Amino acid sequence: MQDIVEQIQQTLSKAFLDLYDTEIAADTLKLERTRKEYPGDFTFVVFPFLRTSKKKPEETAGDLGRFLVEAGAIRTYNVVKGFLNLEVDTRLWIEFLNQTGMNLDAFGKRSQNGEKVMVEYSSPNTNKPLHLGHIRNNLLGFAVSNILRFTGHEVVRTNLVNDRGIHICKSMLAWMRLGNGSTPTSEGMKGDHFVGHYYVLFDKEYRAELNRLKENGMDEKEAEAHSEWMEGARELLRKWEANDAAVRALWKQMNDWVYAGFDSTYRRLGVDFDRFYYESDTYLLGRDLVMEGLEKGVFFRKDDGSVWADLTEFGLDEKLLLRSDGTSVYITQDLGTAQLKYDDYGMDRSVYVVGNEQDYHFKVLQLLLEKLEKPYAGGIYHLSYGMVDLPHGKMKSREGTVVDADDLMNEMHATARARTEEQGKTEGLSEQELDQLYETIGLGALKYFLLRVDAGKRMLFNPEESIDLQGNTATFIQYTYARCRSILRSVEFVRSEIGSTDPDPLENALILHIYAFPHKVMEAAESLNPSVLCNYTYELAKLYNAFYNQLHILREEDPAKRALRLNLTHIVSELVRKNLNLLGISVPERM
RNA sequence: GGCCUCGUAGCUCAAUUGAAUAGAGCAUCUGACUACGGAUCAGAAGGUUCCAGGUUUGAAUCCUGGCGAGGUCACCA
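In this text, residue positions in the first sequence follow the numbering used here: the first is 2, and each later residue adds one.
What the hints contain is simulated information worked out from the structure, not anything from laboratory work. A portion of the hints provided could be inaccurate.
[Stated by the list, open to error] Listed below are the simulated EDC-like cross-link pairs for lysine to aspartate or glutamate, each with C-alpha atoms no more than 20 Å apart in a straight line:
hint, residue 1, residue 2
1, LYS372, GLU280
2, LYS372, GLU358
3, LYS15, GLU96
4, LYS110, GLU575
5, LYS191, GLU210
6, LYS215, ASP204
7, LYS82, GLU38
8, LYS395, ASP349
9, LYS521, ASP28
10, LYS55, ASP22
11, LYS31, GLU96
12, LYS240, ASP326
13, LYS240, ASP289
14, LYS56, ASP22
15, LYS320, ASP289
16, LYS562, ASP469
17, LYS82, GLU24
18, LYS364, ASP345
19, LYS55, GLU33
20, LYS303, GLU232
21, LYS37, GLU88
22, LYS562, GLU96
23, LYS117, ASP326
24, LYS426, ASP436
25, LYS397, ASP407
26, LYS253, GLU229
27, LYS543, ASP469
28, LYS562, ASP505
29, LYS222, GLU232
30, LYS395, GLU465
31, LYS364, ASP326
32, LYS31, GLU524
33, LYS110, GLU527
34, LYS56, GLU24
35, LYS240, GLU229
None of the values given here were measured: they were computed from a predicted structure.
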């Protein structure tokens, strides 16, 4: 069966040739969904083609509409100003549903296209637990990876763990001085929270020390320079770099505690990775690339020995690549890591899921790789997402406004529990099943809340109000799924062909929305934007609910209508499940 | 200050490859359960799309200027 829209486009193209003697490629003739206040399935806007037709909008639309009907591409049409509204023969829709239902798993899915994409996300520091911002990052990276796989890309999901540096040394020092040999086990704490606790203690001690020094007459800078706590941390970093056995052992111990904590958070969030990179392995990389750039003459050395790139031709500044003492800076190791990843996987594209505060950094990274004429430079893509703001601005650890990831998941679980108990519809579920259900609903709501907003935009989270379970939420969509399943279970649904019947307008709207799915999931993949899929799925659930409330399914006596409605129920439920799964959200059979 | 984002209903968000009367949800108000699941549905009310110009048959969308918010411009990562 030929695609319905393509068929119309090709006939339109022929119409332009026959009527106006003009060749226009079929796939450039855009068809939109007809607005609901007018009759029609698709709308062709003729305004851009008045120069070719040399006629008034209404006449042009009439010409084209007549041609389409005579060619048998549509059933009927109507013209409103320059808008040509087309109605498709309902037999085609029934045929579409029968074909879609026959192979639902493959609906919208693309076969392997040979493109390999790396998606790096999460990339945490190992000195403190994950917070709300990390959750947005993780969900985006995971969902984007799923969507890319579904649309035919080979995907490698990576996590570049920042496991070394001055921040980890701060936690280490505080633990050495104040820990008394305690461990996560002895304190009954999750490892990442345990280590984060010492990071906070360091900061407290450091600030207290600065205040003492300032009271003794030093200014801010002097005090910082004389801080014994900070010097202790720097000393640990030097020893770490010199491979001091004791320091390395403590460092490994603290990181392992953190990893155990991260692991359980990742597992609960449901995200996963194919490959971990660690900065302790990669932080020395990149210097070779800088040397290479010097030889090629695309970078330059200043009198003090430091190495720079001149990016003023791109409207940016000069960028430091190696310090005067020859050591690396952040961007240097990112250059090296980019090369390492490419050597390891040879991917066509490399997507970095990183907050928009690093827009400048990634612009520079790509320019530098282009200057070095690296073949992978063009494939570097910064998937920049907006910060999650609180009502009074950013999360600030010093002000204690950081929304902890684990706490938030617990709260969502509790909210889901309270709401479910209010509903009182869970007879016969075991304690374990109930717990699973609260997790499905609570985390679903959290994930959908974070994914439904366009990734590039900043968004607001109000900790005072718990995340909604009504309206445009995962709960609403999950409820629609559970309801569909309840119907299908009750008749022990087995798919059968739908016979000839005229869909009701509510059914028609639902069919058209189902039909749009392959296009929508491609849009989500191309724009690397899961919110497209959220909005699509919400709309799908809404259309189904409207249909459900108005029309009988099981009580319908006309066999063709009943088959149509049962098939719609089946297709919607599977599509909902598939989409939520792509977004990392699970669905309950009952709720 | 330079550069980059963003500004849509009281609130949170859609629509940004230019198209018909700018759409949802929350909150507010009014209706619908002798049941295929009311975590739902139907309806009401709510808009100078920050402001001023410009391009266009047509602008929330593109251009210019202003106002407001955020980010960034380290020999930090």
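Notebook entry, point to check: Between LYS31 and GLU524, does the CA-CA distance stay at or below 20 Å?
Noted result: 15 Å, holds
Notebook entry, point to check: Is the Cα-Cα distance between LYS222 and GLU232 20 Å or less?
Noted result: 14 Å, holds
Check: Going straight from one Cα to the other, do LYS110 and GLU575 come out at no more than 20 Å?
Finding: Since the Cα atoms of LYS110 and GLU575 sit roughly 13 Å apart, the hinted pair holds (cutoff 20 Å).
Margin query: Tell me if the straight-line CA distance from LYS303 to GLU232 falls inside 20 Å.
Written below: Violated: LYS303 and GLU232 sit about 30 Å apart, past 20 Å.
Next item on the list: For the pair we were handed, LYS55 and GLU33, check the Cα-Cα distance against 20 Å.
Entry: Judged against 20 Å, a Cα distance of about 23 Å means the pair is violated.
Check: Is the straight-line distance between the alpha-carbon of LYS31 and that of GLU96 20 Å or less?
Finding: 23 Å, violated
Check: If you draw a straight line from the CA of LYS364 to the CA of ASP326, is it 20 Å or shorter?
Finding: Roughly 26 Å between the alpha carbons, so the hint for LYS364 and ASP326 is violated.
Check: Are the Cα positions of LYS240 and ASP326 separated by 20 Å at most?
Finding: Holds, at roughly 18 Å.
Next item on the list: Given the hint that LYS397 pairs with ASP407, test it: the Cα-Cα distance must not exceed 20 Å.
Entry: 17 Å, holds
Next item on the list: Mind checking the alpha carbons of LYS82 and GLU38 for me, to see if they're no more than 20 Å apart?
Entry: Measuring from Cα to Cα gives roughly 15 Å; hence the hint holds.
Item checked: Pairwise hint evaluation, GLU88 against LYS37, where the allowed Cα distance is 20 Å at most -> 13 Å, holds
Notebook entry, point to check: Regarding the pair LYS562 and ASP505, is the alpha-carbon distance no greater than 20 Å?
Noted result: Holds - the C-alpha atoms of ASP505 and LYS562 are around 9 Å apart, at most 20 Å.
Figure legend: structure checked against the earlier numbered hints; hints not met, in rising order: 1, 2, 3, 5, 8, 11, 13, 16, 17, 18, 19, 20, 23, 26 and 31.
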